[in-house]
Amino acid sequence: MGIAQLYQLFLQYPSVITNTRNVAAGDIFFALKGPRFNGNSFATQALEAGAVYVVVDEKVPVKDERIIETENALLTLQQLAKHHREQFNIPFIAITGSNGKTTTKELVHAVLSSSYKTYTTEGNLNNHIGIPLTLLKVKADARLAVIEMGANNPKEIEGYCKYVQPTHGLITNFGKAHLEGFGSVEGVRKAKSELFTYLKENNGTAFINVDDEFMINMSAGIKKIVTYGTTNGNIKGKAIESASFLKLNVYGNSLSGDVSTHLVGEYNLTNVLAAVAIGEYFKVPGNKIKMAVENYIPANSRSQMIVKDSNTIILDAYNANPSSMKAAIENFAKMEGKNKILLLGGMMELGNTSKEEHQQIISIINQFLWDKVVLVGPQFKDTENSYINFEDSAGAKEWFKKQDIKNTSILIKGSRSMQMEKILE
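Residues 919 to 1343, numbered by our numbering, are exactly what the sequence shown covers, in order.
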C-alpha cells in the first residue's frame, strides 16, 4: 500500500498509536521496533483492543485484511507524517537547543494559542517517533504549529526537517548536552544549526538571541531574521531582582513593561523573550502575550517551585547537563535565603568527558556556602569531593526523610534517569 492510500485511511481514522497499552477503538497501530521491543509481536493484540488497522514490517502469523505490510514501519510513519504536513500552508515553527527547548516551546504555544488555533508537541515527544506523531495530530483547523526537536547525534535535526518542513525556527542555545553523541560543544553547535541550514535553503525565518555570538554566526545567510536579547534586538528585556520567580522588564512594540512569571531562575529570561518575540512577529496583542506568559505554570519537574511546610523546594529534575546544572546552581546561590541545601543527581550522555564535567560541577559548588550538599549517582562518586554521596535517589530519599529540615531552600536537580523527584515522595 502506498502512502497516498494509507493517508486516505488516516483521514477516516485520524488517530495513530505506537503503544498497544494505549490502543482504543478506531486507532491505527504502527508496529515499531527498538533494542528492547518489537511492536510486530503485538499486532494481533492491537486489533483485539480495537485498532482498525495495524502497520507491520514483519510477517504476522494471522491472515487479516486490517494488517498492512510495509518494509519499515517507522519510515512509513515518518512518510505519512510528511504527507500530512504537506497538506498545510501555515507556519510550522521548529524549536531546538541544548537547554530550555521544552519550556520555550510551551511558552511560545501559550502565547500563540491566545490568538490562534495552535498545535504543539506534547510533553517532550521530540524524537524520530514523537515528531511524526505530533505532526499527525495537527488538525485541519490549525493556524500555527510549534514542533520541538531533540537530538543526540549529528544529522538528526536535518532528518527531522525533511518531514517537519519548518517555515520558522528557533535554537534556544548551544550548550554541553549529549556530548557522548556530538563529541564536543562544537559538535553540538554544528548539529543544532542544521535547523538554520534548512531555513537558509528554504527561505525560512529564524528567531535569534543576539546575546549569543555563536547564534549570530550560525544564522549567517538567513535572509529573514527576528532578534531578541538583553541589550539589542527587536525585543529587549532584562531581569528584575525578585525574591522567587523571574520578573522581567520587556521593551517591544505591542508589549512594553514589567512581566511576572512562575519560572524560577534568570536563565529562563531568554526563553521568555523568545516567546515574546514570536508572539509579536505573529501579531499577538501585547496584553495577550503578557497574560499568556504570566499564566504559564511549569510542570513535570521543570523549574517548579514547591512550598512544603516552612521549606521552599526548587524541583528541576526533568533533565540536566553541564550547562543547565551550572546555571541552576549559580541562580540558586543568588536567591534570597540563608539556609540552602543542594540535592544533585548525575548527568548522563557525557561520554569520556563525564568525570571532568562532574568535577567542574564540584568546583562550582565549592564557590558557595551551603548547609548541606548531597550528590547522587556513580558519576559524582568518581569525583574528588567532601560532600554526602549516595548511589541512587532511593538512598538520598531515606537520608532526606530523617532530616529535620525547616526554613530552608532546597534545589533538586539531575538527569531524568536519576529520578531525583522520588526524593520528595
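By construction, these hints were calculated from the structure, which means they are not laboratory data. Among the hints, a few may not be true.
Here are the simulated DSSO-like cross-link-like pairs (lysine-lysine), alpha carbons at most 27 Å apart as the crow flies [said to hold, decoys possible]: (1) 951 x 1073; (2) 1154 x 1142; (3) 1206 x 1165; (4) 1319 x 1256.
Consistency of the hints with the structure:
For a cut-off of 27 Å, the pair hint linking residue 951 to residue 1073 stands: about 21 Å separates their Cα positions. Among the hinted pairs, residue 1154 with residue 1142 is consistent with the structure: their alpha-carbon atoms are about 18 Å apart, no more than 27 Å. Proposed proximity of residue 1206 and residue 1165 is supported: the alpha carbons are some 17 Å apart, at most 27 Å. About 21 Å separates the Cα atoms of residue 1319 and residue 1256, which keeps this hinted pair within 27 Å; it holds.
Checked against the numbered hints above, the structure violates none of them.
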